[in-house]
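Q: Chain by chain, the residues:
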Amino acid sequence: MKIARVIGSFVLGCGLGVVFHYALYRMSLPLEPFVYVNF
Amino acid sequence: MNDLQGPGLFERVLSPFPFICGVVLSFLACCVLGRMVSNINCHQDFARFHNHINFLSLHYPTAKQTLAIAREHMNNGQILVIVGGNSVLHGSYLSDQQVWTKHLQLLLGDRYCVLNFALPGMSPTEFGALVADLICRQYERVIFVTYSWPGATGVVGEADGRTLRYFYWDAYHKGLIDPDAARDARIELLTKWRAKDANHRELVLRSRIDSYLYCQDLWTTFSYSCRSTIWTPMTSSTFTRPRKQYQDLKVSIPAQYHYLPENEQAGMQLVRNSVSRHWTGDPAASPLAESIRYCLPTHLRPRSLVLIAHHSPRFVHRLTASEQQAYHAMFPETIEAVASTGCQACELGRGYTELDYIDQVHSSSDGAVKMAAEVTPRVQELARQLGYLNEE
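Which chain is which? The protein sequence lines are A and B, in order. Throughout the first sequence, residue numbering follows this note's numbering, covering 1 to 39 in sequence. Throughout the second sequence, residue numbering follows this note's numbering, covering 40 to 431 in sequence.
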């Protein structure tokens, strides 16, 4: 039971770490697509 | 003090130390993975950054990813012809089989490898130009092709780009850019001018952080190869599909969409405005020449071919006689201004007909064939001058 708790905690932590990394990528994207004007 | 409450849910389920270890280790693993995939070319069978894999659909290829595409082609001993610039050289509105760089590759043959890094809305010296600059550090036989509008009072952009500045700063903070006196001086000036520009400060900070964490490289590769997570109007119903599954344009824009009536006035105004770009002073001191000097690094300029593009005769012929005279007089001065920087320059589109365009600037499929035929001997001549053909 304790091992399951440790492994579960580790896996959950891994997921959160990936989410943090992905969030940094998403924060760099603009809110709207660039509006291309022909020139 | 007595604790009358038992452990909470989190305290019962989570062990703090393994949890924090998981967070830290997975984050670091993502950083390492991002650094690894940044050097791998995931764009197999690359032809151009079509609209589903460029910024128009919120897909921002990084400097290292784009460099990986070019690097994959430099091992065959071919002469790399890197095309930069805007939608005109990107071949917007044309299918992947009718884009002018496809014809250019066929005409140049196997001795050359043409890579189209032009993107809609780019200035002549951003994105593709930076890739050419970066690849020159590793590979000698590079020719860069871009465009400019006629008139030496115009500028070719900014030292760090105009539309996609992220690309320059991404390369800069990853240590990919070599020093160049004129460009570095301009960047220093821009940094002072933009000291109070919060967007610019954020862009620079973001790029600096990303040079350690490699978030852009990892998740852009993931979005391209495995699963996209970015919703855009362009990919609305299938936005989770990996971007590599989206195909380039297979059908060119039909003739009924050429020269749309609602765009006629704007097109005419664009051409009329271009007549005012006539420069009366020394071409070497013109804004165009000065901007080329701080945008294109010194070592790239002798390998650069700048195409001074004509507008569609449908609009040029509607200018008054004096305006037409002034328009055509701009081409020699523009060529001279560009040549004073060390680049090669030539006209593109003289003698083309209305049918070779679909609007004031973009070529039709017929125009694309003519473009390739006109540029091919120029590229070959430049390759000869640079000594790339000395093995023959």
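Keep in mind the hints are simulated off the structure, nothing from the lab. Hints may be right or wrong, so weigh each one.
[Said to hold, decoys possible] Here are the computed distance ranges between Cβ atoms for each label pair:
1) B:Gly116 - A:Val11: 47 to 53 Å
2) A:Met27 - B:Gln295: 39 to 45 Å
3) A:Val11 - B:Ala224: 48 to 54 Å
4) A:Leu29 - B:Glu301: 29 to 35 Å
5) B:Ser276 - A:Ile7: 35 to 41 Å
6) A:Val19 - B:Thr337: 22 to 28 Å
7) A:Tyr22 - B:Arg247: 17 to 23 Å
[To be verified] Covered stretches of chain B (chain A as the covering partner; in silico rule of three or more C-beta atoms under 8 Å from a C-beta of chain A):
8) 57-66
9) 212-220
10) 236-250
11) 253-262
For each residue, glycine too, the CB sits at the ideal point set by N, CA and C.
Q: Just pull the numbers of the violated hints for me, sorted ascending.
A: Of the numbered hints given earlier, those the structure breaks are 6, 9, listed in rising order.
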